[in-house]
Amino acid sequence: MDRVLEIGGFAAGYCGRLFAHSGYDVVRIESLPAPRGWVSQAASDYYLHAAKRRVETSDPSLIARLAAEADIVIAEAATADSLVALGFNGWQTPVKVSITPFGATGPKRNWQATPSVILAMGGYTNLMGDPDRAPLTLPGHYPEFQSGAFAYTAANACRIAKQKNTIDIGMLEVVMALSQFTTVMWHCAKTIRSRHGNDFWTVVPTNLFRCMDGWAYLNIVPTFWDAFAIFLKRPELLIDQRFKSNDLRSQNRDVLHRIIADTIAHMARSEIEQRAAECRVPVGVVQTLSEVLDDPHLKQREFWHSVTNGRSTIQSPRPAWKIHGDALTELQLTEPESTHG
Amino acid sequence: MAKGPLNGIRILDLTHVWAGPLATRILADLGADVVKIESPTGRGPRSYGRATPIGGWIGGTPGDDPYNVNAVFVKLQRNKKSVAVDLKTGIGRATFLELVKKADVVMENFSARAMPSLHLDYPVLSGANPRIIYVSMPGYGMDGPYRNRVAFGPSVEPLSGLTNVMGYGPDEPRNTAMALPDPIAALNATSAVVTALRRRQHTGHGALVEMSLHEGAAAFCGPWLIDHQLGETVERLGNRHPNMAPCGIYRCAGKDDWVAIACRDDGDWQAICATIPGSLDTAADLDKRVKTHHTIDQLIETWTRRYSKTEATAILQEANIPAGPVSTTPDMTSDPQSIARNFFVPIERGPTPIPGNPIKMNEISSADWTPCPKLGENNREILSEWLGYSDEKIHELESSGVIVDRPPT
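Listed in order, the protein sequences are those of chains A and B.
Residues in the first sequence are numbered consecutively from 2, following our numbering.
Residues in the second sequence are numbered consecutively from 1308, following our numbering.
Since the hints were made in silico from the structure, they are not lab data.
We treat Cβ as the ideally placed atom computed from N, Cα and C, and that holds for glycine.
Take these hints with a grain of salt, some might be off.
[Unchecked claim] Anything over 12 Å on all C-beta distances counts as not near chain B; from chain A, calculated: (1) R54; (2) Q93; (3) M129; (4) T167; (5) R235; (6) A269.
[Said to hold, decoys possible] Listed next, the in silico SDA-like pairs over lysine to any residue satisfying Cα-Cα at most 20 Å (straight line): (7) K191/A - K1595/B; (8) K300/A - A328/A; (9) K1595/B - I1583/B; (10) K1562/B - P132/A; (11) K1409/B - K191/A; (12) K1408/B - L1694/B; (13) K165/A - G1315/B.
Could you put the whole structure together from the sequences, leaning on the hints where they help?
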């Protein structure tokens, strides 16, 4: 199995997580101050760093020696220049992956960024939130985690090919690459996609509605319209000329939304879930974090991995894929080892 | 054909909509030989041109073959080949199984019951090729109490915990309304494929690899779910950040013009105080900045309103403060950074810049890339090269409508 050296914050940490959960020998260098995350340091450690060996050092010669012994190095840095300052260019590792906010080249290679800056520049923020208010950023670590997944994919691809390579991943390009139809909408339909609150806008009805005990999201693409009317117990909608097509539903969006809101308001989430399953319509209820942790579907599918640090054990999501026949084992979270050479 | 480390890896791609095709596009950009297995009506009927699709037409007009120029479809298919075969016929299904014998990976994102109903589930495929890696991406997975539920990205998102955390405030949950579970699933799929391929290098065995939109989105929320177990409070904070202050999206001078600004630490705060004139308290630590966030926001926005989003960004970046404009597509495609790194790739019909692959490495160049194939464009090539079918046999398949290069009328 490959030896993987990991240096950096949430992107490198996430990439290393994927390697560690797949059984690779991952050594994490804890040399840089931890970037500010959305959660406690303990939660970050449990999520990202279980099953890794962690070494606390800022000794460049030791890091270079570890890089020389590794098959893959994943190095995340705040800017292109700080990547160079790490000594990245001199390391002789067969597969080297750098992750920086804007990539290793280009006029903005040394710009400063956080996830909210990357999401803004990458086109996501402009699409989220209400049209008459400030756009809304996405909480969490989407640019970093997706960059880590690209790094994992690229590094493994090189190892499959037994190829030596240096890989440059910029988080801004990661986010831009994951646009849905924003770019072609502009270039081909001459429309700048904009934000509409919870409304997906181009497919009607697709929105969040308040129910008796929370919220439910309906995503009724045209093929589900008939089933949706049955789900809603409003069969008269099927013969209502205002709603005969997605275009007409779009034109009569406000009227339709009022009808739906009035109906959903009298339904509990459990009833919504039951009827959505029976009628086979794409509807999801908003779950609290406690409810996600207790979700019977996730439990039955063995979604949770036990991670222990010797004193306590928490449930952490396993990687989102599972290879049938491979068993989950409890993972250990260890403290960093301090070293001076 | 795209050059890259996955040259020689053959992938049969039965995916549709967004998550699956995005995954296979990323793998195709890395050099995998991706053959899109399409149903004759998979791109819509021949009369598709009556309604303009969401993303318009590649080249601006539907032309004679509208089913081949739907921009939302086309943007996800570069570097792939197309075989249009009717899997609902016995001969079509048998032809597909012959292709499976020559392939490394099969990927699909149908509902959990679709492939079994075609008698093309993993036991059948692995019977044809024990080394096959079969990647199934149903919305809620292949088993469990939700397995038969219908799923799309936006309807799955609320079950992940994300909607619980995202929004303007405690009583205002927001959905991204952009199907975020899909791009998350796409990267999970590419990661899964390379994991299974490396596993096969070691064991010699194929695999059934399964993932769901639901679990991908829930895994993304993992840090919050763990923090919750540790007794921490996870709040819906709008554009603020629990461990950075100030942090926000601020209005600029233009119409719907906004700039994102974040203060990571005390060093950034000193730079902000030095750059933005006014009564900002240079001595304020994080706790104090959190407590006075509203006042700080007002002072920052008084300043940002004097500038365009690009002007404000330039001034702040000059002082090493994390800042960036809230960009639209024209902003992104004209960004000097994107241009310098040749990120947008105009290889499709008409001047249509489509996002490139963020993996930059030696050997990979968009100069080698090929545009989205037309429906069934590679029928003959693939059946001949992979299976050694004669012209006569291929002609029989064409005549009987098992393979097509245009949808039925």
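* For A269/A, which was marked as not at the interface, is the minimum beta-carbon distance to chain B over 12 Å? -> Consistent with the label, A269/A stays out of reach of chain B, its closest Cβ about 15 Å off (over 12 Å).
* **12 Å cut-off, C-beta based - T167/A kept clear of every residue in chain B** => Its Cβ does come within 12 Å of chain B, the nearest being 7 Å, so this is violated.
* Pair hint outcome, K191/A versus K1595/B [Cα-Cα no greater than 20 Å] -> Not satisfied, since the Cα-Cα distance of roughly 46 Å exceeds 20 Å.
* Asked: Given the proposed pairing of K1408/B with L1694/B, does the C-alpha separation stay at or below 20 Å?
  -> holds, 9 Å
* Status of the stated non-contact between R235/A and chain B (beta carbon gap over 12 Å) -> Label holds. Min Cβ-Cβ 19 Å, cutoff 12 Å.
* Compare the distance between the alpha carbons of K300/A and A328/A with 20 Å, and conclude whether the hinted pair is satisfied. => At roughly 15 Å apart (the allowed maximum being 20 Å), A328/A and K300/A satisfy the hint.
* Verify the proposed pairing of K1409/B with K191/A, using a straight-line Cα cut of 20 Å. => violated, 43 Å
* Given the hint that K1562/B pairs with P132/A, test it: the Cα-Cα distance must not exceed 20 Å. => Judged against 20 Å, a Cα distance of about 12 Å means the pair holds.
* M129/A clear of chain B by more than 12 Å, beta carbon to beta carbon? -> Since the minimum Cβ distance to chain B is about 6 Å, M129/A lies within 12 Å and the statement is violated.
* To do: For the pair we were handed, K1595/B and I1583/B, check the Cα-Cα distance against 20 Å.
  => holds, 18 Å
* Was Q93/A rightly flagged as not at the interface, with every chain B Cβ beyond 12 Å? -> holds, 16 Å
* Asked: For R54/A, is the shortest beta carbon distance to chain B beyond 12 Å?
  -> holds, 21 Å
When the structure is compared with the earlier hints, violations turn up for hints 3, 4, 7, 11 and for no others.
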